Amino acid sequence: SQKIEQNSEALNIQEGKTATLTCNYTNYSPAYLQWYRQDPGRGPVFLLLIRENEKEKRKERLKVTFDTTLKQSLFHITASQPADSATYLCALFNQAGTALIFGKGTTLSVSS
Amino acid sequence: NAGVTQTPKFQVLKTGQSMTLQCAQDMNHEYMSWYRQDPGMGLRLIHYSVGAGITDQGEVPNGYNVSRSTTEDFPLRLLSAAPSQTSVYFCASTRRGGTNEKLFFGSGTQLSVL
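Chains A and B, in that order, are what the protein sequence lines are. Taking this note's numbering, the leading residue of the first sequence gets 6, the next gets one more, and so forth. Taking this note's numbering, the leading residue of the second sequence gets 13, the next gets one more, and so forth.
Just so you know, the hints here were simulated from the structure itself, not pulled from any lab data. All figures in this text were calculated on a predicted structure; none of them were measured in a lab. Positions of the beta carbon are idealized from the N, C-alpha and C atoms, including for glycine. Please note that a few of the clues may not be correct.
Unchecked claim - Distance windows between CB atoms, simulated:
| id | chain 1 | residue 1 | chain 2 | residue 2 | range |
| --- | --- | --- | --- | --- | --- |
| 1 | B | Asn112 | A | His81 | 36 to 46 Å |
| 2 | A | Arg47 | B | Pro87 | 14 to 24 Å |
| 3 | A | Glu57 | B | Thr98 | 30 to 40 Å |
| 4 | B | Ser96 | A | Glu14 | 21 to 31 Å |
Next up, chain A with everything else stripped away, as it sits in the complex (with noise of 0.2 Å):
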């Protein structure tokens, strides 16, 4: 079955730098990878979806990255700021496109 590795539980940085999250993973090569942002006590939000032809997405200080040679997905902020700090999700559908599965995620604390 698929599975889906983000490697660290928490990253933090300081406002303005650049924050990197990744997203490994196996058994299958998915034609699209998803990212996603969850606030406390909140449902999770999609933020950009990536297809296997496309190398890099970009939406205003977002970069993703898909690189299906090493099964890795880059989450990229730039610029961050505190306002940036949450959870971020990364997922894949099955093969069959029945179930969206989710790695644990990554919280991101960014500090003024």
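Fit chain B to the supplied structure of chain A, relying on the hints for placement.
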């Protein structure tokens, strides 16, 4: 649009009690699902449905039942609550199952079983 609505937001049960967690969406989504989220375990899929009248099991289905009589509603039933079912439950939906679909989540139900 309200999106995905879950009720109640909080619930305390005694071991052995039964209850139903409600989930409704107004986006005409075919696919709906239930997750539980536990510290250190992340989000785990309980059950899902790809359309009215169709349900299937996810990763952790034991102790839970679901039904899908309408497109809008996807209730989750705990038949005999156990302390191991203490968790935060999220309902999510999307247009249809597919590897490029993004999920829309409700705000969650925090359940404690004593």
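Structure-based check of each hint:
Between Asn112 of chain B and His81 of chain A the C-beta distance comes to about 22 Å, which lies outside the given range of 36 to 46 Å. Evaluation of the 14 to 24 Å hint for Arg47 of chain A and Pro87 of chain B yields a pass: the beta carbon distance comes to about 21 Å. The hinted range of 30 to 40 Å is satisfied by Glu57 of chain A and Thr98 of chain B, whose Cβ atoms lie roughly 38 Å apart. At roughly 23 Å, the beta carbons of Ser96 of chain B and Glu14 of chain A sit within the given window of 21 to 31 Å.
The structure fails hint 1 only (numbered hints given earlier).
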